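Asks: For the sequence shown, this note's numbering assigns the number -13 to the initial residue and increments by one for each residue that follows.
Hint data in this document are derived by calculation from the structure and do not stem from the laboratory.
Don't take every hint at face value.
[What the hints assert, rightly or not] Pairwise CB distance ranges, derived in the manner of DEER restraints:
#1 P457 x Q630: 11 to 21 Å
#2 A86 x E1: 37 to 47 Å
#3 E402 x E309: 53 to 63 Å
#4 S306 x N453: 51 to 61 Å
The structure displayed is predicted, hence computed values, not measured ones.
Where is the CB? At the ideal position from N, CA and C, for every residue including glycine.
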Amino acid sequence: MRAVREFNVVPAIPESLQALSGLALNLHWTWDRPTQELFRSLDPDLWDQVGHDPTTLLARITAPRWAELAADPAMVDATRQAAQRLATAVEEPRWFQGRADSKLDLVAYFSPEFGISETLPQYSGGLGVLSGDHLKATSDLGVPLVGIGLLYDQGYFRQRLNADGLQEERFPPLDPHSLPITDTGTTVSIDLAGDQVRIRIWEAKVGRVRLFLLDTNVDGNSPEGRLVTDRLYGGDAEHRIRQELVLGVGGVRALRALGLHPDVFHSNEGHAGFLGLERIRELITGRGLSFSEAVQAVRPGSLFTTHTPVPAGIDRFERSLMERYFSDFVQTCGIGLDQLMALGLRGDEPDEKRFNMAVMGMRLAGRANGVAALHGAVSREMFAGLWPNTPIDEVPIGSITNGVHAKTWVGAPIDELLTESVGGIWDGADAQSWKAVEGLDPARIWAARRTGRAELVEFARERLGDNVLDPDALTIGFARRFATYKRAALLLGQADRLRNLLLSTDRPVQFVFAGKAHPADNEGKELIRQIEVFARQVDVGYRFVFIPDYDMAVARMMYHGCDVWLNTPRRPMEACGTSGMKAALNGALNCSILDGWWDECYDGSNGWAIASADDDPDLARRDAREAVSLFGLLEREIVPLFYQRDERGVPHGWVDMMKHNWSSLGPFVTAARMVRDYTTKLYEPACVDGERIDGDDYAPARALAAWKARVRSEWGQVTISNLTTS
């Protein structure tokens, strides 16, 4: 239950500066650098104290300070200009408005987490940050889209390391009235196994995109009902199914209550998959369709994106839970529980009786995709059993490689260089425009890189002490979720070679780590402990550090300051891995296993590829072999290139590689490219009649046509003919 709120009387914002309130409530400020600077200038010390949160900042500025600010013509003018930039961003026609023949009216994008900003902590890691970047790029491009998520009372956990180096979690409560969101005044209800739960709908503005967050901590709900949206990825299977019902079923009802009727429903992973069942129920009760007709009708406008390359990462629910929470659904739809269960069971897994959310997502979506080319191939193999007798390369699962919202993640010095060379909208520029980076002065590029590294060192010293890191040493970063397959401790397997790198007097190397393990992942926590224990050793601790409490702010500092971005997953278990993209746009060079996005983007000269021994069944031996490859790259190529300098101290070979990194990756790794791909290849085709499959250059569309022609087997009691779009 949410704690009683205490209200403080805060000074009113002067009339001439009233626009600041609207600027703080639209998260467009998170990627508009001049507006961030405007907020900072109101009170620089207070801005740092409140963690760069403009909502809290405005509430804490004193009346005398407001009087000073209102009397400053420059401040009033800067506020006016910021308000005009925001108005332009949300109203001016953009890329999508130029697509005059597009039939797309509105996309509903469902995700269990959204990483927009650390000031709205409703994310845990990559999936949430990807969702946030998707919304931001959608706003920049003018694509009509709304987001649907949950408002968690405690968000994700805060992290600290105890005396033994073990991760400890705490879950501070969040007051929604202190967050950059507003109450829509609209509620909807959902039945959770006989418990009538009311859902309040909050709205966050993300540029021109509206993000609706669903909250069950509502007066009048049962204690159990109020706790449904307590924590992100917390609780047992029953808690999880309740959350996913609120997200999927409650999300569709929220859209209807708000008067929104999307023509495309995009489920970002299976957590929101129950939205398809709610749409089926609507068609049965509202239009008199049969169950099989309703299934057929929802598919054309449904899109499912899978983010996991391993079956263990998929939510599955026991039959007893499905029966408990869907008894009314099956009765309303005039079907038996077996017919519902068939949507989430695989014929090639006869011993698996649990309802599989990804399988249902595939079955209720007319189009499905992975998030990198390699991940698409892995997904086709992983889900091939759903399309028996279909060649794996014709399984109708495509891929759209993730991208990152560049303006959110790139530091000011690099942003200035890219704006000057590539253009003002460099994050959406084409390959020809990106070639202009080749003309940049190497000395200026190196100065920008040194500035970012120095800022990272200062940031780390504020958290860890003044004796850590060196602003002039080669800095290698590793920051992500501490899952075992990501192998954060791979370097520790050859501690002597690692020490030689760290303790070199003429060519020192330093490593910066950050990340969280899920509270229930003891193996992930052990990896953090190993890193931290090594970092506490007196001889190397100043060049090998772990920054605790990883969030978007920590991530940005690392992307700005690291020279090399390290990625060591067991191929092919990394679906995409967008952290390397963010680092690349900041000029960092990737050193990675050829997995996820790097598998399709590495060209032999824009970074380094760690040799993968994925054909070795002995995991310990495989880890050792890949560690040997990594140390070989560090010792023979990376370190020498970084320290090969001219008389001015500029490493021309390194800077040339940075330029090629930008020109080869810049046009591809941005969220602008990703959202354009989703719009043209998936959203627009999905909004038309399901029989029409557009885009001959999109292989999964042809695969879907081949699938419709070939497959005649049955899925439980629901036949393929009932599930095709014909």
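Asks: Decide, hint by hint, whether the structure agrees.
Replies: Checked hints:
no.: 1; hint: P457 x Q630: 11 to 21 Å; verdict: holds, 19 Å
no.: 2; hint: A86 x E1: 37 to 47 Å; verdict: holds, 41 Å
no.: 3; hint: E402 x E309: 53 to 63 Å; verdict: holds, 60 Å
no.: 4; hint: S306 x N453: 51 to 61 Å; verdict: holds, 57 Å
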